[in-house]
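Given only the sequences and the hints, what does the whole structure look like? Please build it.
In order, the protein sequences belong to chains A and B. Read in order, the letters of the first sequence are residues 1 to 311 in my numbering. Read in order, the letters of the second sequence are residues 312 to 592 in my numbering.
Hints listed in this document are in silico derivations from the structure and should not be mistaken for laboratory results. Any given hint might turn out to be false.
[To be verified] Which stretches of chain A does chain B cover? Using the computed rule of at least three CB atoms under 8 Å from a CB of chain B, they are:
{"id": "1", "region": "19-25"}
{"id": "2", "region": "38-51"}
{"id": "3", "region": "133-141"}
{"id": "4", "region": "268-282"}
For every residue, glycine included, the Cβ atom is placed at its ideal position computed from N, Cα and C.
Each chain, letter by letter, is given below.
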Amino acid sequence: MPDLNLKRGISMTKSSLKSKNIHRLILGWIFILPALFFITYASVFPAISNFILSFQKWDGFLDKKWVWFENYIHFFKDGDVLRYLYNSVYLAFLSTIGAVVIGIFLAALVFKIGSKLGTFARLVFFMPGMIPVAINGLLFVFILNPQMGLLNNFLKLIGLGSYSNAWLEDSHTTMNCIVVVNIWMMCGITMVLSYAAIRMLPTSLFESCKIDGGGYVRQLFSIVFPVIKKVIGTAAIYTLAANFKTYGIVQVMTQGGPGDITRTIPINMINTAFNFGEFGYAASMGVVLSLVVVASILITTKLFGGDTYEF
Amino acid sequence: MSSKIKSSSKDDSSTISAFIVTFLLIITIYPVAFVMITSIKTTSEFYMNIWLLPKKLALNNYVLAWVSGHIGEYVLNSAIVVCITVVSILVIGAIAAYSLARLKLPFSNLILFLILACMLIPSEAIIMPLYLNVSKLHLTGTYISLIVPYIGWGLPMTIFIYHTFFKTLPAELLEAAKIDGSGELMIFTKIVVPLMIPATATNAIFNFSGWWGEMIWSSITLQTSNLRTIPLGIMSFNGQFGTDWGPYSAAICIVLIPLVFIFIFTQKYFISGLTGGAVKG
Numbered sequence: 001m002p003d004l005n006l007k008r009g010i011s012m013t014k015s016s017l018k019s020k021n022i023h024r025l026i027l028g029w030i031f032i033l034p035a036l037f038f039i040t041y042a043s044v045f046p047a048i049s050n051f052i053l054s055f056q057k058w059d060g061f062l063d064k065k066w067v068w069f070e071n072y073i074h075f076f077k078d079g080d081v082l083r084y085l086y087n088s089v090y091l092a093f094l095s096t097i098g099a100v101v102i103g104i105f106l107a108a109l110v111f112k113i114g115s116k117l118g119t120f121a122r123l124v125f126f127m128p129g130m131i132p133v134a135i136n137g138l139l140f141v142f143i144l145n146p147q148m149g150l151l152n153n154f155l156k157l158i159g160l161g162s163y164s165n166a167w168l169e170d171s172h173t174t175m176n177c178i179v180v181v182n183i184w185m186m187c188g189i190t191m192v193l194s195y196a197a198i199r200m201l202p203t204s205l206f207e208s209c210k211i212d213g214g215g216y217v218r219q220l221f222s223i224v225f226p227v228i229k230k231v232i233g234t235a236a237i238y239t240l241a242a243n244f245k246t247y248g249i250v251q252v253m254t255q256g257g258p259g260d261i262t263r264t265i266p267i268n269m270i271n272t273a274f275n276f277g278e279f280g281y282a283a284s285m286g287v288v289l290s291l292v293v294v295a296s297i298l299i300t301t302k303l304f305g306g307d308t309y310e311f
Numbered sequence: 312m313s314s315k316i317k318s319s320s321k322d323d324s325s326t327i328s329a330f331i332v333t334f335l336l337i338i339t340i341y342p343v344a345f346v347m348i349t350s351i352k353t354t355s356e357f358y359m360n361i362w363l364l365p366k367k368l369a370l371n372n373y374v375l376a377w378v379s380g381h382i383g384e385y386v387l388n389s390a391i392v393v394c395i396t397v398v399s400i401l402v403i404g405a406i407a408a409y410s411l412a413r414l415k416l417p418f419s420n421l422i423l424f425l426i427l428a429c430m431l432i433p434s435e436a437i438i439m440p441l442y443l444n445v446s447k448l449h450l451t452g453t454y455i456s457l458i459v460p461y462i463g464w465g466l467p468m469t470i471f472i473y474h475t476f477f478k479t480l481p482a483e484l485l486e487a488a489k490i491d492g493s494g495e496l497m498i499f500t501k502i503v504v505p506l507m508i509p510a511t512a513t514n515a516i517f518n519f520s521g522w523w524g525e526m527i528w529s530s531i532t533l534q535t536s537n538l539r540t541i542p543l544g545i546m547s548f549n550g551q552f553g554t555d556w557g558p559y560s561a562a563i564c565i566v567l568i569p570l571v572f573i574f575i576f577t578q579k580y581f582i583s584g585l586t587g588g589a590v591k592g
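Here it is as structure tokens:
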């Protein structure tokens with residue numbers, strides 16, 4: 001902005017400009033320091049300590065001992081822990097795929113009906129994600145209760161009583177019940193994002209397909225979904241990151257049970273640290289899980305990368 | 312969406328869509344409605360027939376949940392923690408983002424990048440050393456042991472949203488004030504702050520919903536204390552009332568219903584915050 005600088009040059013002497021610059025820098029640092037303090041204390045510093053701790057053996061009281069990769073070797077030789085890692089990944093990926101696919105179709109449906117029903121539906125489908133995990137979990141513990149739960153009683157009501165089950169106690173169904181709850185909580189995010197993206201598409205895009213004789217489903221698959229791929233990718237990454245945070249939902253619904261069927265890394269990690277006092281080993285679990293999360297996010301980014309469409 | 316070419320296939324697919332959506336709405340809303348109905352039935356009436364509406368209101372469930380179940384106390388604790396957290400995040404986040412976006416600090420892009428990178432660190436890789444530090448300071452089981460980490464964890468996203476917003480402010484607006492002789496601080500408080508209400512609303516709501524239900528850190532730092540926030544309180548409530556479905560449902564409703572209302576009144580900020588960065592246009 002050359003002319004503005006010129007004007008300012010007239011109204012100010014050079015030295016007052018310089019002092020203004022220093023004032024600006026001082027204010028800038030004062031403004032940013034509190035944030036840097038909190039972020040460093042709460043994230044950066046603990047993350048570094050955790051990484052260091054993962055190479056040590058420590059019971060929480062005596063001296064820390066350097067054991068280098070022993071914790072990691074222990075991790076990858078421990079069949080149980082590997083199973084918990086598998087559970088974490090299973091929950092995260094299956095929930096994400098379910099939530100994203102259902103979310104896209106909800107967006108397509110809501111877009112098609114428009115009007116008041118559509119607005120109301122968007123509100124309702126988005127709501128579960130804004131309710132604390134503990135409340136959602138509790139709601140489903142009640143619904144899935146074998147004797148008094150809504151699901152079993154409903155099955156009995158419509159004559160399918162033989163399909164009723166102790167959903168959360170049965171080792172075959174409990175994991176997928178958690179997946180269903182995750183999907184119910186997270187599909188709204190994908191729906192809102194995809195809906196916003198679909199609404200921005202030009203009408204001509206739909207018209208051209210319609211002239212070719214394509215129905216709505218055809219339009220969706222051959223035009224809409226490919227065009228909004230980037231947005232779906234964003235939703236998938238967000239959902240995936242959220243679905244790796246399994247502690248809350250598993251703790252509320254099953255506490256990792258029956259047995260350790262639904263135990264995931266976060267739950268096992270806290271158990272290892274605070275019940276067995278193996279802080280170094282627990283730290284290594286945190287590091288491995290973090291790497292898995294970051295790798296999963298990178299893969300998903302790659303998967304949804306590629307062409308962007310301009311219109 | 313207005314379509315110029317009317318065809319029967321459009322009407323058909325709209326009708327089918329409306330039908331499917333209505334069905335999905337029912338299976339989403341009914342369970343919640345069911346819990347609400349159960350919350351005003353006595354447990355014995357519920358055991359007799361789970362489907363019927365209550366013959367007379369059993370508001371005692373709410374009293375039980377609020378008093379014996381301590382839900383009131385948990386709500387209060389969560390409210391204190393979340394209010395202080397959200398207000399602090401908004402103030403600290405706004406000034407930090409303004410500094411990065413507008414005050415031309417050296418390395419501001421690098422600093423922003425590093426702050427945003429912190430969002431990628433999962434809490435699992437943080438909580439143990441943090442707990443050890445907090446317990447060294449004898450702060451476990453206090454409000455502050457929740458508030459300080461929440462502020463640190465909430466800031467990156469908040470700074471990101473504010474930063475995006477400050478970048479959209481027209482430079483002429485700020486330059487004009489500068490020519491009038493206002494200092495940078497004056498420009499920020501007099502001109503920028505009144506403009507940032509929508510971004511602030513988005514940030515407030517995101518942080519509120521994020522920290523209101525936080526579980527893993529609170530369950531560690533509060534494990535040996537009597538201080539309980541909503542998520543933890545609800546868990547211990549679950550153990551205490553187990554299959555006493557009346558108070559159990561009432562507890563769910565006490566937490567759920569206010570949130571539903573808050574959400575209905577603020578959803579546009581949620582959605583603009585969510586879609587702002589992700590969808591072009």
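(Q) Going through the numbered hints above, which ones does this structure break? Give me the numbers in ascending order. (A) Violated hints: none at all, because every hint is consistent with the structure.
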